[in-house]
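Sequences listed follow chains A and B, in order. Per our numbering, the first sequence starts with residue 1, numbered consecutively. Per our numbering, the second sequence starts with residue 1, numbered consecutively.
Simulated from the structure, these hints should not be mistaken for laboratory data. Just so you know, not all the hints are guaranteed correct.
Distance windows between CB atoms, simulated [what the hints assert, rightly or not]:
no.: 1; chain 1: B; residue 1: Thr28; chain 2: A; residue 2: Ala303; range: 45 to 51 angstroms
no.: 2; chain 1: B; residue 1: Thr6; chain 2: A; residue 2: Ser114; range: 22 to 28 angstroms
no.: 3; chain 1: B; residue 1: Met23; chain 2: A; residue 2: Pro184; range: 53 to 59 angstroms
no.: 4; chain 1: B; residue 1: Phe38; chain 2: A; residue 2: Ile500; range: 48 to 54 angstroms
no.: 5; chain 1: B; residue 1: Arg54; chain 2: A; residue 2: Leu20; range: 43 to 49 angstroms
no.: 6; chain 1: A; residue 1: Leu20; chain 2: B; residue 2: Thr28; range: 24 to 30 angstroms
no.: 7; chain 1: A; residue 1: Thr169; chain 2: B; residue 2: Phe13; range: 45 to 51 angstroms
no.: 8; chain 1: A; residue 1: Thr49; chain 2: B; residue 2: Thr28; range: 29 to 35 angstroms
no.: 9; chain 1: B; residue 1: Val37; chain 2: A; residue 2: Leu20; range: 29 to 35 angstroms
no.: 10; chain 1: B; residue 1: Thr6; chain 2: A; residue 2: Ile445; range: 38 to 44 angstroms
no.: 11; chain 1: A; residue 1: Trp431; chain 2: B; residue 2: Phe20; range: 41 to 47 angstroms
Stretch-level coverage of chain A by chain B, calculated; a stretch enters the list once three of its residues show a Cβ under 8 angstroms from a Cβ in chain B [stated by the list, open to error]:
no.: 12; stretch: 59-73
no.: 13; stretch: 109-123
no.: 14; stretch: 427-437
no.: 15; stretch: 440-446
Every residue, glycine too, gets a C-beta built ideally from N, C-alpha and C.
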Amino acid sequence: MTLLSIDPAAIDWARAQFALTAIYHWLFVPLTLGLGIIMSIMETKYYRTGSPFWRSTAQYWQRLFGINFAMGVATGIILEFEFGTNWSNYSYLVGDIFGAPLAIEGIVAFFMESTFVAVMFFGWEKVSKGFHLASTWLTTLGATISAWWILVANSWMQHPVGQQFNPDTMRNEMTSFLDVALSPVAVDKFIHTVLSAWVLGAVFVVGVSSWYLLRKRHMEFATKSLRVGAVFGLISSALIMLSGHHSAYTVAQTQPMKLAAMEALYKGGTDQPLTLIAGINPFQQPDYEAADEPPLKLAVPYALSFLATNDVNGYVPGIRDILDGYTKPDGTVEPSLDEKIERGQRAITTLAEYRKAKAEGADDSIINCQLSIINSNIQYFGYGYVKDRAQVVPYIPVCFYAFRIMVGGGCLFVLLFLIALWKPALLRGRWMGVAAIFCIPISYIVSEAGWLVAEFGRQPWTIQDMLPTWVGVSQVGSSAVMVTFLLFLILFTALLAVEISIMLRAIKKGPNT
Amino acid sequence: MNRTGTGFWHRVFDLYYDGFRNMTIGRTLWLVIAIKVFIIFVVLKIFFFPDFLRQHAPSGSEAEYVARELLNH
């Protein structure tokens with residue numbers, strides 16, 4: 001069995017299954033991170049004032065945090081099962097690197113979160129106020145540190161650094177843990193993702209508080225919670241704009257094709273405008289080879305150049321530039337796709353010859369020469385499996401629209417927080433109150449859209465430039481993966497229905513006053 | 001339930017013991033967690049998600065298997 005015998009449908013089902021699991025898992029993570037900070041702020045208020053009001057307010061939000069936390073437990077483990085079954089080539093090639101942050105995450109999650117979560121929920125009458133407050137903050141910190149390690153693993157797939165390929169073991173081995181843990185992509189991704197989770201947590205608190213205001217129940221609790229949520233949300237939103245700019249800059253440096261797909265930038269250049277909206281068919285890959293830009297394009301002049309290069313006149317390559325090769329502003333030349341394919345094929349062919357020569361006990365000079373060829377071409381290894389230009393272009397409509405949903409939703413939430421702070425009376429009105437509540441599901445859609453941009457934009461790579469999806473996948477039958485996909489769909493839907501039902505019951509009950 | 005012991009481990013036990021006993025909504029959550037963990041680790045892991053390489057490559061020859069997969073295309 002070789003790559004030629006892989007069932008193409010199996011790749012699609014394996015990708016769909018991974019996406020479904022990741023999307024489901026991500027329903028729980030952002031609320032844990034965002035609500036974690038807000039409930040910690042509430043308890044800090046209790047610690048400083050000694051007011052029973054803040055105690056019951058903190059306990060209420062901790063209850064909702066607990067429901068979400070419990071429902072999210074272990075959902076991420078399924079992703080690791082999928083690596084071992086559906087993505088075995090990938091797992092073997094990069095397990096040494098990818099496994100380290102995941103293992104650290106597991107240990108941190110187990111010891112830190114499970115210890116302090118117990119004190120937070122069970123310890124109100126058992127430990128001092130100070131120790132309880134510290135436990136609440138440490139629960140949130142533990143969850144955030146867990147997120148860091150998961151995001152480090154994901155960032156390595158976007159921008160592999162700190163590793164070296166070993167042709168004898170066929171594995172990528174870590175050469176610098178710090179390079180992996182503190183790569184610019186990891187730092188940016190962590191900051192941007194955590195801030196987005198804070199915004200989602202703030203929207204959740206504002207939305208739930210608005211429901212009480214509409215119902216004219218627990219008015220003091222709702223008014224003060226609304227204010228804390230809105231202030232926190234506004235600060236997070238301001239910070240996320242800065243981190244978003246920096247993320248765009250990093251993506252432009254490390255994954256220019258992703259940026260070009262997000263922007264539907266077919267032909268790049270200097271002084272590039274940022275597209276606000278354009279007429280792109282959501283169900284069809286546009287003809288980026290023929291058209292210079294999408295139809296009905298409405299754009300902000302110079303804004304893309306500024307986002308991508310910190311210079312309003314900066315050069316941003318488009319899809320065709322990346323495929324044909326281009327010269328960067330610093331004078332370095334980015335090779336064309338054809339050249340990358342050739343060098344990738346050279347790496348693959350020489351690697352096969354090297355392994356054969358080694359097995360046959362060939363002369364050292366031959367082996368060293370082959371090693372030199374492998375090392376000088378290994379950065380384009382994945383391109384050796386590419387057959388045509390279309391294979392390396394992500395699906396543009398998803399990247400384009402998901403990016404706009406993410407940014408547009410972020411702007412909507414800023415408006416919500418401003419209203420909650422300066423015109424809170426509006427939220428007691430029927431329409432505005434309902435709109436605030438509807439912002440809760442919208443915030444989840446926006447949060448997932450951010451991940452769609454990140455992950456669809458990386459396609460076709462499981463690991464950028466190193467391993468395309470059709471090489472990382474196992475020789476599994478499509479029907480087997482399809483069955484588990486459908487099984488997950490049923491399981492996740494049922495679990496989500498249970499969680500929403502428990503959460504709604506807790507919200508209806510309200511705080512203990 | 002208040003017990004009279006004051007040692008550290010006794011207090012830790014007490015924290016968990018009383019915590020679990022006095023749970024209200026937590027009981028439902030633990031039930032959901034238990035069902036979920038059972039499905040994930042017993043049903044899914046054992047019946048649907050075997051270790052592919054362990055099944056297809058003899059122990060110690062995983063590198064050869066992956067090399068064959070990747071290089072003979």
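The hints, checked one at a time:
At roughly 50 angstroms, the beta-carbon separation of Thr28(B) and Ala303(A) lies within the given 45 to 51 angstroms, and the hint holds. For the pair Thr6(B) and Ser114(A), the supplied restraint of 22 to 28 angstroms holds, since their beta-carbon distance comes to about 24 angstroms. A C-beta distance of roughly 44 angstroms is found between Met23(B) and Pro184(A), which places it outside the suggested range of 53 to 59 angstroms. For Phe38(B) paired with Ile500(A), a C-beta distance near 22 angstroms fails the hint of 48 to 54 angstroms.
The hinted window of 43 to 49 angstroms between Arg54(B) and Leu20(A) is violated, with their beta carbons roughly 25 angstroms apart. Against the hinted window of 24 to 30 angstroms, the Cβ-Cβ separation of Leu20(A) and Thr28(B) comes to about 25 angstroms, which satisfies the hint. At about 47 angstroms, the beta-carbon gap between Thr169(A) and Phe13(B) stays in the expected band of 45 to 51 angstroms. Hint check: Thr49(A) to Thr28(B), Cβ distance near 33 angstroms, so the stated range 29 to 35 angstroms holds.
A hinted range of 29 to 35 angstroms for the beta carbons of Val37(B) and Leu20(A) is inconsistent with their spacing of about 19 angstroms. Distance hint check: the CB atoms of Thr6(B) and Ile445(A) are about 52 angstroms apart, inconsistent with the given range 38 to 44 angstroms. Checked against the hint of 41 to 47 angstroms, the C-beta distance between Trp431(A) and Phe20(B) comes to roughly 44 angstroms, which is consistent with it. Counting residues of the stretch 59-73 of chain A whose beta carbon lies closer than 8 angstroms to any beta carbon of chain B gives 6, which meets the minimum of three for the stated coverage.
Taking a C-beta to C-beta cut-off of 8 angstroms, the stretch 109-123 of chain A contributes 5 residues in contact with chain B, enough for the three needed, and the coverage statement holds. By the rule of at least three residues with a Cβ nearer than 8 angstroms to a Cβ of chain B, the coverage given for the stretch 427-437 of chain A is violated, with 0 such residues. Counting residues of the stretch 440-446 of chain A whose CB falls under 8 angstroms from any CB of chain B gives 0; the rule of at least 3 is not met.
Against the hints set out earlier in the document, violations occur for numbers 3, 4, 5, 9, 10, 14 and 15.
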